[in-house]
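Participant: Keeping the supplied structure of chain A fixed, place chain B upon it in accordance with the hints.
Those protein sequences? They're chains A and B, same order as listed. Per the UniProt record's numbering, the very first residue in the first sequence carries number 1; after that it's consecutive. Per the UniProt record's numbering, the very first residue in the second sequence carries number 1; after that it's consecutive.
Treat the hints with care, since some could be wrong.
As the list makes no split between identical chains, a pair holds if one copy fits it or if it spans any two.
Lysine to any residue pairs mimicking SDA-like chemistry, simulated, CA-CA at most 25 Å apart [what the hints assert, rightly or not]:
#1 K26 to G156
#2 K218 to S182
#3 K324 to P194
#4 K219 to R111
#5 K9 to F56
#6 K283 to A8
#7 K219 to P194
#8 K219 to P331
#9 K283 to E135
#10 K115 to G77
#11 K84 to E188
#12 K122 to Q52
#13 K115 to W279
#14 K248 to A297
#15 K179 to S337
#16 K246 to C332
#17 K219 to R341
#18 K179 to A19
#19 K179 to Q55
#20 K246 to Q287
#21 K26 to P157
#22 K299 to A129
#23 K219 to Q55
#24 K218 to S2
These are computed hints drawn from the structure, not numbers from a lab.
Number of protein chains: 2
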Amino acid sequence: MSGKLFFAKDIVRKLSPVAVPPVCTKGLGFGEAFAPHMFEVDSIKEDWGTPQINQFHNLSLPPQCSGLHYGLQCFEGLKAYRDKKNNIRLFRPEMNLRRLQNSMNRLVFPRFDEKEMLDCLKELVRIDADHVPAERGYSLYLRPTAIGTNHNLRVGPADRCKLFIITSPVGPYYPTGFKPVSLMVDDEHRRAWPGGTGSSKIGANYAGPIFHQVECAKKGYSQILWLGPGDVVDEVGAMNFMCIWKNKNGERELITAPLDGTILPGVTRDSILSLVRSWGEIKVNEQRFTIHDLVDALKRGDVEEMFGCGTAAIVSPVNGLNFKGTHYDVPCPLETSVTMRLFNTIQDIQYGDVEHEWSTVI
Amino acid sequence: MSGKLFFAKDIVRKLSPVAVPPVCTKGLGFGEAFAPHMFEVDSIKEDWGTPQINQFHNLSLPPQCSGLHYGLQCFEGLKAYRDKKNNIRLFRPEMNLRRLQNSMNRLVFPRFDEKEMLDCLKELVRIDADHVPAERGYSLYLRPTAIGTNHNLRVGPADRCKLFIITSPVGPYYPTGFKPVSLMVDDEHRRAWPGGTGSSKIGANYAGPIFHQVECAKKGYSQILWLGPGDVVDEVGAMNFMCIWKNKNGERELITAPLDGTILPGVTRDSILSLVRSWGEIKVNEQRFTIHDLVDALKRGDVEEMFGCGTAAIVSPVNGLNFKGTHYDVPCPLETSVTMRLFNTIQDIQYGDVEHEWSTVI
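Isolated chain A, as found in the complex:
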């Protein structure tokens, strides 16, 4: 598994002959508009070809490729931010590229050099720098993706693969201020399972939940709280889940599921755990807990806050939860919340208002 790598210095550019004006991101939905260029590089067997930055275009794919039949597809999501000095910044991009490498390895795709891939990503962002919006909350969403592009229907490793990056200018997740969500606990269906693929960012993990998310929305709830075997709490929607509560020893604690194979190792998750640990005010506990623990704590009045976390929203505060037909209100202090403090702290770093090693000017 170590063929010919690709290098940023070899990028062949076929750019738009005219400057493409940025779209108006106001009121724009997530991932609806795209910047004018995309990065792409193709592999045959273990060998990567020449990296390219081309105009954004439809992909011409064999209808028989494994990316369209056997779920051989994985992706990443991160953002480029414009700071007050007009610099463009990335937030911990090396974590996303490491996770992409892991997801690609899970799908038996060829390995790439993570530093070179980061340079390719930066080069793409530089070329489309005009499309990184300026206002706080706005950003250029970056979507590295890898798909099997082989020319046969064989169920097995793909002998051809395409790695590409598209980018999409996006508006703030909360255009009118922090908006809490209500959760429907699903104790029947599963997003992931021990021995499955829950810890890789592959398309397969997103296909199953979409049906249940539609059912959840029909019942008036925003997101599903996914459980694992033994009713342990896994994730919320497509985000990691966290709760701040008084634990059984009476300590103020942030609890979240550990990275034991069914949980996506979120970059926002990792950042939050690191920040809260650095504050020294709240104990951080990465440990399995059940929905029953959560409901009991709600009944006792021991829950301070619950939230989802991920790249799109940073944090998503929870104000209610339905388990087996019973609705529980969840404390949601918003303005005075840890959730809000985390949101502001991380945004300050992402937009360079506070200097931090996680944020890199490109």
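Facilitator: Showing chain B alone in chain A's frame:
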């Protein structure tokens, strides 16, 4: 979920201006060559557009479509056979199209009329009739597929979808006679799980196993025997699994996992159960059994045969099994086996040597 349907009478044909000679299928791998035409129809929201039969071509897909990011893809596999009278036959195609409907429903794709879709499939096979090979064991493999083709990165139901059929001339699965396989029991990883997507024929179910299949092959075994919670036997590779044994009551019994949500409802599986029931010689038991039951029966000498079953191979006899590092020989009588009898009986029906309601001349 009931928009504009499509009808076979409305098919628009853009066919090859010249007759394309059939490929030589001798020695050809599975799904490597394709017949010159393909069927396609696209939906926007709930409405299907005009069905088309075009020349086989690469698909032009938005790089952001959910078919490439969120696993919104499902497929079917069935075959067209040429009988001795030069008729072309399909084997229970309505079962495949019903399962396709179910898989598409699982992915929140629009519904289609199954009878009209069958007529479209037949029309495609008629147009490429010259590409249905003549010899026993040879066939034209048919691959109906549906993918999300939406123009945004939203994690949710696709508002655009493409349903297409490509076809591939294939040689016999056993070119040099019945070839038994050895199984590696995987008690750590999972192909499927209760509450997941194991009973739908969607790409997601194939992505995870590919990594483990590579590891299995490195250890010298052909296929993985997948287990579920409680060590129950699920499937083998991408096939249903069956065992003929003396059960605890001393009865001769064919046992296979029931269709309880983690098992693909195989057309070959259903056909075998129906045939064996009709023989009245062997009890048929669709019930959960564990790998421990299987190993104990092997040790007692109560196992007669084990086999996988599916469209590609019909049946795949097993001659060995590795569980937790111990290798067990599995009785594999081949020429005198039930496996072989089933193989011949089903092939006789598929190739029209024996008239049966499962086989339809088109």
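Participant: Confirm or reject each hint.
Facilitator: Against the structure, the hints:
1. K26 to G156: Result: close only across copies, 22 Å inter versus 44 Å intra.
2. K218 to S182: within (13 Å within a copy, 47 Å between copies)
3. K324 to P194: The answer is both: 24 Å in one copy and 18 Å across copies each meet 25 Å.
4. K219 to R111: This pair counts as between: shortest inter-copy Cα distance 22 Å, intra-copy 43 Å.
5. K9 to F56: This pair counts as within: shortest intra-copy Cα distance 21 Å, inter-copy 37 Å.
6. K283 to A8: neither (42 Å within a copy, 64 Å between copies)
7. K219 to P194: between (29 Å within a copy, 23 Å between copies)
8. K219 to P331: Only inside one copy: K219 and P331 sit 21 Å apart there, 53 Å across copies, limit 25 Å.
9. K283 to E135: Answer is neither; intra-copy 34 Å and inter-copy 71 Å both fail.
10. K115 to G77: within (17 Å within a copy, 42 Å between copies)
11. K84 to E188: neither (48 Å within a copy, 51 Å between copies)
12. K122 to Q52: Classified as within; 13 Å inside a copy, 42 Å across copies.
13. K115 to W279: neither (31 Å within a copy, 64 Å between copies)
14. K248 to A297: within (9 Å within a copy, 48 Å between copies)
15. K179 to S337: within (13 Å within a copy, 65 Å between copies)
16. K246 to C332: within (15 Å within a copy, 61 Å between copies)
17. K219 to R341: Neither: 31 Å inside a chain and 52 Å across chains, both beyond 25 Å.
18. K179 to A19: This pair counts as neither: shortest intra-copy Cα distance 37 Å, inter-copy 61 Å.
19. K179 to Q55: Answer is neither; intra-copy 36 Å and inter-copy 50 Å both fail.
20. K246 to Q287: This pair counts as within: shortest intra-copy Cα distance 15 Å, inter-copy 46 Å.
21. K26 to P157: between (42 Å within a copy, 24 Å between copies)
22. K299 to A129: neither (50 Å within a copy, 68 Å between copies)
23. K219 to Q55: neither (42 Å within a copy, 45 Å between copies)
24. K218 to S2: For K218 and S2, the Cα distance is within 25 Å only across copies (17 Å; inside one copy 48 Å).
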